Structures are given as C-alpha cells and as structure tokens.
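Okay, here's what each chain looks like letter by letter:
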Amino acid sequence: MTYKVTEEGNIATVFLDGEIDMDVTEKAKEVILPLVNSGKEVHLNLKDVAYMDSSGISVLIESHQMALEKNTKVVVKEVSKSVLKVIMMAKLEQILNLG
Amino acid sequence: MNLSESKDFLVSSASLKEVRTFSRETFEKVNLNQELKDELVLAIAEAAQNIVKHGYKGVQETSDRMEIKISLNEDELKIGFYDKGKPVVPGNVQHRKLDDIKPGGLGTFFIKQIMDEAVFKKDQQGWVNHLVLTKKI
Chain A
1 MTYKVTEEGN IATVFLDGEI DMDVTEKAKE VILPLVNSGK EVHLNLKDVA YMDSSGISVL
61 IESHQMALEK NTKVVVKEVS KSVLKVIMMA KLEQILNLG
Chain B
1 MNLSESKDFL VSSASLKEVR TFSRETFEKV NLNQELKDEL VLAIAEAAQN IVKHGYKGVQ
61 ETSDRMEIKI SLNEDELKIG FYDKGKPVVP GNVQHRKLDD IKPGGLGTFF IKQIMDEAVF
121 KKDQQGWVNH LVLTKKI
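So the protein sequences, as listed, match chains A and B. For the first sequence, the numbering used here assigns the number 1 to the initial residue and increments by one for each residue that follows. For the second sequence, the numbering used here assigns the number 1 to the initial residue and increments by one for each residue that follows.
Worth flagging that the hints you see were computed from the coordinates, not collected in a lab. Nothing here was measured: the structure is a model prediction, and the numbers come from that model. A virtual CB, placed ideally from N, CA and C, is assigned to each residue, including glycine. Check the hints yourself; a few may be wrong.
Under the rule of at most 30 Å between Cα atoms (straight-line distance), these lysine-lysine pairs were calculated in the DSSO-like manner [claimed, not checked]:
id : chain 1 : residue 1 : chain 2 : residue 2
1  : B       : 57        : B       : 29
2  : B       : 136       : A       : 29
3  : B       : 102       : A       : 29
4  : B       : 112       : A       : 4
5  : B       : 78        : A       : 77
6  : A       : 47        : A       : 85
7  : B       : 84        : A       : 91
8  : A       : 27        : B       : 78
9  : B       : 122       : A       : 85
10 : B       : 17        : A       : 47
11 : B       : 135       : B       : 7
12 : B       : 53        : A       : 47
13 : B       : 84        : A       : 73
14 : B       : 136       : B       : 97
15 : B       : 97        : B       : 29
16 : B       : 97        : A       : 27
17 : A       : 81        : B       : 135
18 : A       : 81        : A       : 40
19 : A       : 73        : B       : 97
20 : A       : 91        : B       : 97
21 : B       : 136       : B       : 78
22 : B       : 86        : B       : 102
23 : B       : 135       : B       : 84
24 : B       : 7         : B       : 102
25 : B       : 102       : B       : 29
26 : B       : 17        : A       : 81
27 : B       : 53        : B       : 78
28 : A       : 27        : B       : 29
29 : A       : 40        : A       : 77
30 : B       : 102       : A       : 70
Examples of chain A residues lying across from chain B (beta carbon under 10 Å, computed) [said to hold, decoys possible]:
id : residue
31 : 31
32 : 57
33 : 70
34 : 71
35 : 72
36 : 75
37 : 78
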C-alpha cells in the first residue's frame, strides 16, 4: 500500500493505493488517525484500492469513530465496486460517510 | 469440473497477499463470475488472517507454515486450511453483532456470509487445526 496526502484548508485528503489488509492496517492508521485527531475533516480517496478486507474495514470504523469524538468527519470517496461490496456486506453504508 | 490445488505459506500477515494471489490464480482456472471469485478470495483471505491473528496471537514471529487446499468436485467447492497454531474451540469462534459498530470481529462474519458452511474437522492429519469451508457453486 502506498499513499499520498494533500491538505487544503481544514480538509486533508488521503489517497490510498493498493490492497488494504492486516499487513498494512497499522501503516494506514499511522497516516489517517493523526489527521483525524488533529480535528481535520479527512477524505479517504479509495479509487486505487481494489481490495479491502475486514482489517481495512476496521480502519474505516476506527477513523469514523475518532472523527465523531473530535467533532469532525471522515468521508470515504470514490469507492471501487469491490470495496463497496465489502462495506455493504458489513452493513456500514449507512454508518460511514460515503461521498 | 474437478480441480485440486494446494500451497503452504509462512504464518505471517505478510503472506496474506500471497494467499490472495494463489486463490486468484486457482479461480482463474474455473468458470465462475468475477464477483463470486472476489468473494471467495475474501473468504479465503479472512480465514488465513484468522490463523495469523488468532491462532498465533501473541507470537511475534514464527517459522510455522499453514496450508490451504482448494478443491472443486463438480459443483462443490471445498477450501481446507491447516495450521499448527493454538487449538481452536469451535464454539468460541463468533463474529460481533453487526449493530455493535466497532473495529474488528468481521472476518468470521464475512466467511459465513460468503460460504455455505465452515467446519473445524477432527482429522487434523498432523496439524493442530483443520478448517473446511464449503460452498455449492
């Protein structure tokens, strides 16, 4: 997994690239959670993520829940069909902010 | 169609990508729609992840290997997982409730959603655990 972060005003966009599994979740959290913790609105762009398993879903949940605590939000954007299917399987499409 | 492919992997989160590659290459040999193939790869990866995450919980590094066997006999798909981790107590393998939104606990749920059956067999054949996932396809 690789990533790129851009920031504009109070919005930080994290572009993730690759497959998100247990092996890379710590790396993903190290990138995403400090941004959320700082109170920024974080956009996770998943257009280049073709595969995500339950570990990746956990990162989305943890980010979302931290954002609620910090009175900000995480928006999950440009979700691929295969990743959306996993999100829906977990019945999270109404919980996460899908933009 | 009949098919049987097996491969062993180092028990490590770094092996999960290799597990998916093996699964994808195996399913390329079978006439299934892509959506189902993706689901099956996810189920296999989740079961392998469970071995790494739970079977070897607290183990920083191991040289142990796990074996995955994918067999198709006509319309019955069987996927066997063999490992030498902590013995699994089948009754303790539960996923979290979906409305209890929190990180973790979804892997087993995904497996149950995708597969028809997930059973720990007693015929470990020299291994500690032998999980078999089945699905009519």
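Hints versus structure:
Of the supplied pair hints, the one linking residue 57(B) and residue 29(B) is violated, its CA atoms being roughly 34 Å apart against a limit of 30 Å. Between residue 136(B) and residue 29(A) the alpha-carbon distance is near 37 Å, which puts this suggested pair outside the 30 Å criterion. At most 30 Å may separate the alpha-carbon atoms for a hinted pair to count; residue 102(B) and residue 29(A) meet this at roughly 15 Å. About 35 Å separates the Cα atoms of residue 112(B) and residue 4(A), which puts this hinted pair outside 30 Å; it is violated.
With a C-alpha separation of about 36 Å, the suggested pairing of residue 78(B) with residue 77(A) is violated against the 30 Å cut-off. In summary, the hint linking residue 47(A) to residue 85(A) is supported, as the alpha carbons are separated by about 14 Å, within the 30 Å threshold. A distance of roughly 33 Å separates the Cα atoms of residue 84(B) and residue 91(A); the hinted pair therefore is violated under the 30 Å criterion. Proximity of residue 27(A) to residue 78(B) is assessed by CA-CA distance (about 34 Å); at most 30 Å being required, the pair is judged violated.
The straight-line distance between the Cα atoms of residue 122(B) and residue 85(A) is roughly 34 Å, outside the 30 Å bound, and the hint therefore fails. A threshold of 30 Å between alpha carbons decides the hint, and for residue 17(B) with residue 47(A) the separation of about 19 Å falls inside it, so the pair holds. With a C-alpha separation of about 20 Å, the suggested pair residue 135(B) and residue 7(B) falls inside the 30 Å cut-off, and the hint holds. For the proposed pair residue 53(B) and residue 47(A), the alpha carbon gap of about 28 Å is at most 30 Å, so the pair holds.
For the hint pairing residue 84(B) with residue 73(A), the CA-to-CA distance comes to about 42 Å; that exceeds 30 Å, so the pair is violated. Of the supplied pair hints, the one linking residue 136(B) and residue 97(B) holds, its CA atoms being roughly 26 Å apart against a limit of 30 Å. The suggested pairing of residue 97(B) with residue 29(B) is violated, with an alpha-carbon distance near 36 Å, which exceeds 30 Å. A C-alpha spacing of about 27 Å is found between residue 97(B) and residue 27(A), which places the hinted pair at or below 30 Å, so the restraint holds.
At most 30 Å may separate the alpha-carbon atoms for a hinted pair to count; residue 81(A) and residue 135(B) meet this at roughly 23 Å. Note on residue 81(A) and residue 40(A): the hinted pairing holds, with a Cα-Cα distance of about 27 Å set against a maximum of 30 Å. Straight-line distance between C-alpha atoms of residue 73(A) and residue 97(B) comes to about 24 Å, which keeps the hinted pair within the 30 Å bound. For the suggested pair residue 91(A) and residue 97(B), the alpha carbons sit about 11 Å apart, so the restraint of at most 30 Å is met.
With a CA separation close to 9 Å, the supplied pair residue 136(B) and residue 78(B) stays within the 30 Å bound. Distance hint between residue 86(B) and residue 102(B) is fulfilled; the C-alpha atoms sit about 25 Å from each other, no more than 30 Å. For the hint pairing residue 135(B) with residue 84(B), the CA-to-CA distance comes to about 25 Å; that is within 30 Å, so the pair holds. Taking the CA atoms of residue 7(B) and residue 102(B), the gap is near 34 Å; set against the 30 Å cutoff, the hint is violated.
Distance hint between residue 102(B) and residue 29(B) is unfulfilled; the C-alpha atoms sit about 38 Å from each other, more than 30 Å. At roughly 20 Å between alpha-carbon atoms, residue 17(B) and residue 81(A) fall within 30 Å of each other, so this suggested pair holds. A hinted pair counts as satisfied when its Cα atoms are at most 30 Å apart, and residue 53(B) with residue 78(B) qualifies at roughly 23 Å. Under the criterion of a C-alpha separation no larger than 30 Å, the hint pairing residue 27(A) with residue 29(B) is inconsistent with the structure, at around 34 Å.
Distance restraint check for residue 40(A) and residue 77(A): the Cα-Cα separation of roughly 16 Å lies within the 30 Å cut-off, and the hinted pair is therefore satisfied. Only pairs whose Cα atoms come within 30 Å are accepted, and residue 102(B) paired with residue 70(A) is accepted, the gap being roughly 17 Å. Below 10 Å, beta-carbon pairs count as interface contacts, and residue 31(A) has none with chain B, the closest being about 16 Å; its hint is therefore violated. A cut of 10 Å between beta carbons decides the hint on residue 57(A): the least distance to chain B is about 6 Å, and the hint holds.
Checking residue 70(A) against chain B: minimum C-beta separation of about 16 Å lies over 10 Å; hint violated. The closest approach between the C-beta of residue 71(A) and any C-beta of chain B is roughly 18 Å, which is over the 10 Å cut-off, so the hint fails. Contact between residue 72(A) and chain B, as hinted, is not supported at the beta carbon level, the nearest pair being about 18 Å apart and thus beyond 10 Å. Among the interface hints, the one on residue 75(A) is violated; its C-beta lies about 17 Å from the nearest C-beta in chain B, farther than the 10 Å criterion.
Because the smallest distance between the Cβ of residue 78(A) and any Cβ of chain B comes to about 18 Å, over 10 Å, the interface hint for this residue is violated.
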